[in-house]
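Protein chains in written order, with my numbering: chain F, 1 to 208; chain L, 1 to 117.
Derived from the structure by calculation, the hints contain no laboratory data.
Among the hints, erroneous ones may be present.
[As the list claims (entries may be wrong)] Residues from chain F shown here face chain L by an in silico Cβ test under 7 Å; the list is partial:
(1) S76
(2) S172
(3) H191
Being a predicted model, the structure only gives us computed values, none of them experimental.
Note that beta-carbon positions come from the ideal geometry of N, C-alpha and C, so glycine has one too.
The lines below spell out each chain.
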Amino acid sequence: MSTQVQNTNAGHVHKDSIGAKTGMWLFLFTELLLFGGLFIIYAVMRGEYTHGFHAAAEELNVWLGVTNTVVLLTSSLTMVLGVSALQRGRAGLAQLYVISTLFLAGTFLLIKFFEWGAKFSHGVFPGMEHLHNLEHGEGVFFNLYFMMTGLHGIHVIIGMIVMVVVNNRLQSGTITRANQGILEYTALYWHLVDLVWIFLLPLFYLTN
Amino acid sequence: MESTNALQSESWDDEPGGHATHHHDEEELHPVADEKQFKVFVALIILTAITVGASVMYPGRIGQGVAFVVTPLKATLILMYFMHLRYERAVFVVMFLVAIAILATVMGLTFLDYLFR
Numbered sequence: 001m002s003t004q005v006q007n008t009n010a011g012h013v014h015k016d017s018i019g020a021k022t023g024m025w026l027f028l029f030t031e032l033l034l035f036g037g038l039f040i041i042y043a044v045m046r047g048e049y050t051h052g053f054h055a056a057a058e059e060l061n062v063w064l065g066v067t068n069t070v071v072l073l074t075s076s077l078t079m080v081l082g083v084s085a086l087q088r089g090r091a092g093l094a095q096l097y098v099i100s101t102l103f104l105a106g107t108f109l110l111i112k113f114f115e116w117g118a119k120f121s122h123g124v125f126p127g128m129e130h131l132h133n134l135e136h137g138e139g140v141f142f143n144l145y146f147m148m149t150g151l152h153g154i155h156v157i158i159g160m161i162v163m164v165v166v167n168n169r170l171q172s173g174t175i176t177r178a179n180q181g182i183l184e185y186t187a188l189y190w191h192l193v194d195l196v197w198i199f200l201l202p203l204f205y206l207t208n
Numbered sequence: 001m002e003s004t005n006a007l008q009s010e011s012w013d014d015e016p017g018g019h020a021t022h023h024h025d026e027e028e029l030h031p032v033a034d035e036k037q038f039k040v041f042v043a044l045i046i047l048t049a050i051t052v053g054a055s056v057m058y059p060g061r062i063g064q065g066v067a068f069v070v071t072p073l074k075a076t077l078i079l080m081y082f083m084h085l086r087y088e089r090a091v092f093v094v095m096f097l098v099a100i101a102i103l104a105t106v107m108g109l110t111f112l113d114y115l116f117r
């Protein structure tokens, strides 16, 4: 009903924001299925190697995982506030929020970097012999850990690249209140990245 | 929210009388109040603290049970408020539920296959 009325908007550059948003959500669903597949593998393997998973999880630093959760949740907040700011016509403020989100995303990656680095220095490394020598499926746990947090990390990096573009376009005035879609869809993507991490926290860090 | 009523998203800018005909959809077209998002954020932090606290104090079944219940709750908060599903047209919620149903079906079938093979 409402979409019909919208489509009667004539004479201006027509932007199908409903269609664009639908497309973005469809993309997010494919992302859910992508991570969902890995969650299935995790669940089956954990059923198989319950003891090994618990033992391996002990070696992860809970507090780094929790800190990163807080960092990502905060970045989701700054992102959503940025969207609202632009919808109120405050592009400068929106830009400030996007830059804050970028900074927090960088913080997340930095913590991840040190966390992975500590694992590497102990010989726990994707594809290393050491992983195969671990018993009771600890190797499986660490392979899944690197696989899933790694895939998530790639998503964080992609999100950061998109945010840099969004920031530049906010600066140049290409993204405005009347044309805020790109910021809104970037935010949707970023919240999905946050959403996935919410599930990774208990699966890997809180499995003791 | 009152002060934001004048602001509309792109599609509605040049539509006369949009408000009168679309009061149902009105909320989704306006920025969500910052205070509300702050409250959602605080709730998410508290829920995280509960999950971690339960895991540290009661490792094992209780801690994992709490995470099993609280984590989807956090996801719901993010979806409804940060991702605006609460303010979107119903079709977006339906789409999301269909996607989740597909995921749940695939997971369910995998486990049935795994358990009974």
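Here's how the hints hold up against the structure:
1. S76: Because about 5 Å separates S76/F from the closest Cβ in chain L, which is inside the 7 Å limit, the hint holds.
2. S172: violated, 18 Å
3. H191: Constraint on H191/F satisfied, holds at 5 Å.
Going down the numbered hints, you'll see the structure goes against just number 2.
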